[in-house]
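Engineer: These are the residues of each chain, in order.
There are 2 protein chains.
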Amino acid sequence: MRYELYYWPEIQGRGEFVRLALEDAGADYVDVARVEKTGIAAMVRVLENHSVKRPPFAPPFLKAGNLVIAQTANILFYLGPRLGLVPKGEAGRLWAHQLQLTIADWVAEVHDSHHPISGSLYYEDQKREAKRRAADFTRERVPKFLGYFEDVLKRNPKGSSYVLGKAISYVDLSLFQMNAGLRYAFPRTMTKLEPKHRRMVALHDRVCARPRLAAYLSSPRRLPFNQEGIFRHYPELDG
Amino acid sequence: MRYELYYWPEIQGRGEFVRLALEDAGADYVDVARVEKTGIAAMVRVLENHSVKRPPFAPPFLKAGNLVIAQTANILFYLGPRLGLVPKGEAGRLWAHQLQLTIADWVAEVHDSHHPISGSLYYEDQKREAKRRAADFTRERVPKFLGYFEDVLKRNPKGSSYVLGKAISYVDLSLFQMNAGLRYAFPRTMTKLEPKHRRMVALHDRVCARPRLAAYLSSPRRLPFNQEGIFRHYPELDG
Chain W
6 MRYELYYWPE IQGRGEFVRL ALEDAGADYV DVARVEKTGI AAMVRVLENH
56 SVKRPPFAPP FLKAGNLVIA QTANILFYLG PRLGLVPKGE AGRLWAHQLQ
106 LTIADWVAEV HDSHHPISGS LYYEDQKREA KRRAADFTRE RVPKFLGYFE
156 DVLKRNPKGS SYVLGKAISY VDLSLFQMNA GLRYAFPRTM TKLEPKHRRM
206 VALHDRVCAR PRLAAYLSSP RRLPFNQEGI FRHYPELDG
Chain C
6 MRYELYYWPE IQGRGEFVRL ALEDAGADYV DVARVEKTGI AAMVRVLENH
56 SVKRPPFAPP FLKAGNLVIA QTANILFYLG PRLGLVPKGE AGRLWAHQLQ
106 LTIADWVAEV HDSHHPISGS LYYEDQKREA KRRAADFTRE RVPKFLGYFE
156 DVLKRNPKGS SYVLGKAISY VDLSLFQMNA GLRYAFPRTM TKLEPKHRRM
206 VALHDRVCAR PRLAAYLSSP RRLPFNQEGI FRHYPELDG
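Residue numbers (our numbering), protein chains in the order written: chain W, 6 to 244; chain C, 6 to 244.
One or more hints might be untrue.
Note that the list lumps identical chains together, so a pair holds whenever it fits in one copy or between two copies.
[Claimed, not checked] In silico BS3-like cross-links for lysine-lysine, where the CA-CA straight-line distance does not exceed 25 angstroms:
hint, residue 1, residue 2
1, Lys159, Lys42
2, Lys132, Lys163
3, Lys149, Lys159
4, Lys201, Lys58
5, Lys42, Lys163
6, Lys171, Lys58
7, Lys58, Lys163
8, Lys68, Lys93
9, Lys149, Lys68
10, Lys149, Lys58
11, Lys58, Lys93
12, Lys68, Lys163
13, Lys68, Lys136
14, Lys68, Lys159
15, Lys201, Lys68
16, Lys68, Lys197
17, Lys58, Lys159
18, Lys197, Lys136
19, Lys132, Lys68
20, Lys159, Lys136
21, Lys58, Lys68
22, Lys149, Lys201
23, Lys197, Lys132
Calculated directly from the structure, the hints in this document are not laboratory data.
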């Protein structure tokens, strides 16, 4: 099965959580909107096609045979067992998904730290509000989420190397991305917090040492963090 | 199976999406935190119990036998087939879940329309920012979400009575709740928008005419909308 991923071609964004799973598994996939010249038009064609019976609200979405699946966590729920990136039983899959949904909430809060008023206004037009929101985000929310996942790692009865059992899952890949993104966006905050979240840091290092993922991260397929994505570095927002 | 739902006892909030499914299906359940005297303590005990292997990040969560499942959409994904509130096949379940996750995003935006800076500050302490955010929310986001679900109803190849096929699903119940909540919070905005979203209004009426749901809605089990929940009525935020 050749998967087709559709996502904005110039940012990591939410699509990156799916890319990391596909790359780590060595899956056969096309990052459709990044195909030169024709890519974005192909994505827009799906979004504007009124004969699609199950229209996505927004990218990312995945085409897998006849299926069109949207919502990042839903895509990972579907891909997980097919890529060997989640336990097979229902209880394990639900637990992985629950964690992924909590990551999705965290991602939305990262976005709103620089866009607390509207996604359709420039940062400069909501900078004053962003300063207030980011102050709360770095002081209250980042420690709360980091602490939660640190605790989840600690409680794993099979050891703290990964969040679920003994093997890596797509949730671990997503937590790597959260850690990397927060380091980019909020370096001062993370320098302060990382010593208290050693399992999360170790997980980050363990994930990016995986051969296929390391190859991906140093390839041109990995877009750099930038000021258009979800993780943005504005020094004035960094604690 | 007697389900145990755990959620804040004084608001509809996110727990209400689960309550509507349990009530419509006539399921056997306890709304644990609403049991007088002992309820909240029982919920806090689970949240603070360090021997829980799969800790929820926050309520709502559901106990189903040995399982503890959190995240509203994940709970509904689990309950859907057991309550007969979703198609049985994988494609239908994923599509229902994708829609539920889009509703979850919408719910988060409703919350942030009155709390754009921090969930731990009073409304009065972020009223100025709330006015800006709510102006964008009522002008851009509510029409976008309403229009999307109106279109989903329109595209259903089995007719526009429900979002999936010919039968009701938990997604329809959740859309009823969105419509009802938005009417409470933003009556002027909804009076303006409803004539353009007739399928959504018809769905609302169809859902609340269901005998079990009608009985629930007129019972004391249905908490009234209030100024502590996700849907709050501040006239100055209503378009």
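Engineer: All hints, please: hold or fail.
Structural biologist: Hint check results:
1. With identical chains, the CA atoms of Lys159 and Lys42 are never at most 25 angstroms apart, being 47 angstroms at best within one copy and 33 angstroms at best between copies.
2. Taking the shortest Cα distances, Lys132 and Lys163 never come within 25 angstroms of each other, neither inside one copy (45 angstroms) nor across copies (47 angstroms).
3. With identical chains, the CA atoms of Lys149 and Lys159 are at most 25 angstroms apart within one copy only, with a shortest distance of 15 angstroms there and 41 angstroms across copies.
4. For a Cα distance limit of 25 angstroms, the shortest separation of Lys201 from Lys58 across copies, 21 angstroms, qualifies, whereas the shortest one inside one copy, 48 angstroms, does not.
5. For a Cα distance limit of 25 angstroms, the shortest separation of Lys42 from Lys163 qualifies neither inside one copy, at 48 angstroms, nor across copies, at 38 angstroms.
6. In the homo-oligomer, the alpha carbons of Lys171 and Lys58 lie at most 25 angstroms apart only across protomers (14 angstroms), although the nearest pairing inside one protomer, at 40 angstroms, exceeds that limit.
7. For the homomeric pair Lys58 and Lys163, the shortest alpha-carbon distance between copies (11 angstroms) is at most 25 angstroms, but the shortest distance inside one copy (43 angstroms) is not.
8. Within a single copy, Lys68 and Lys93 get their C-alpha atoms as close as 22 angstroms, and across copies as close as 21 angstroms, so both meet the 25 angstroms cut-off.
9. Proximity of Lys149 to Lys68 under the C-alpha cut-off of 25 angstroms is restricted to the inter-copy arrangement: shortest distance 24 angstroms between copies versus 35 angstroms within a copy.
10. Taking the closest pair of Cα atoms, Lys149 and Lys58 come within 25 angstroms of each other only across two copies (18 angstroms); inside a single copy the shortest separation is 39 angstroms, beyond that limit.
11. For the homomeric pair Lys58 and Lys93, the shortest alpha-carbon distance between copies (18 angstroms) is at most 25 angstroms, but the shortest distance inside one copy (29 angstroms) is not.
12. When the C-alpha separation of Lys68 and Lys163 is checked against a cutoff of 25 angstroms, the pair qualifies only between copies, where the shortest distance is 23 angstroms, while the shortest distance within a copy is 35 angstroms.
13. Within a single copy, Lys68 and Lys136 get their C-alpha atoms no closer than 39 angstroms, and across copies no closer than 40 angstroms, so neither meets the 25 angstroms cut-off.
14. For a Cα distance limit of 25 angstroms, the shortest separation of Lys68 from Lys159 across copies, 22 angstroms, qualifies, whereas the shortest one inside one copy, 36 angstroms, does not.
15. With identical chains, the CA atoms of Lys201 and Lys68 are never at most 25 angstroms apart, being 40 angstroms at best within one copy and 31 angstroms at best between copies.
16. Taking the closest pair of Cα atoms, Lys68 and Lys197 never come within 25 angstroms of each other, the shortest separation being 41 angstroms inside a single copy and 37 angstroms across copies.
17. Proximity of Lys58 and Lys159 under a CA criterion of 25 angstroms is satisfied inter-copy only: 10 angstroms between copies versus 43 angstroms inside one chain copy.
18. Taking the shortest alpha-carbon separations for Lys197 and Lys136, only the intra-copy value of 19 angstroms comes in at or below 25 angstroms, while the best inter-copy value is 34 angstroms.
19. When the C-alpha separation of Lys132 and Lys68 is checked against a cutoff of 25 angstroms, the pair qualifies neither within a copy, at 37 angstroms, nor between copies, at 43 angstroms.
20. Proximity of Lys159 to Lys136 under the C-alpha cut-off of 25 angstroms is found in neither arrangement, the shortest distances being 33 angstroms within a copy and 42 angstroms between copies.
21. In this assembly of identical chains, Lys58 and Lys68 lie within 25 angstroms of each other by CA distance solely inside one copy; the values are 13 angstroms within and 35 angstroms between copies.
22. When the C-alpha separation of Lys149 and Lys201 is checked against a cutoff of 25 angstroms, the pair qualifies only within one copy, where the shortest distance is 12 angstroms, while the shortest distance between copies is 42 angstroms.
23. Only within a single protomer do Lys197 and Lys132 lie at most 25 angstroms apart by alpha-carbon distance; the minimum there is 24 angstroms, versus 31 angstroms between protomers.
Checked against the numbered hints given earlier, this structure breaks hints 1, 2, 5, 13, 15, 16, 19 and 20; the rest are met.
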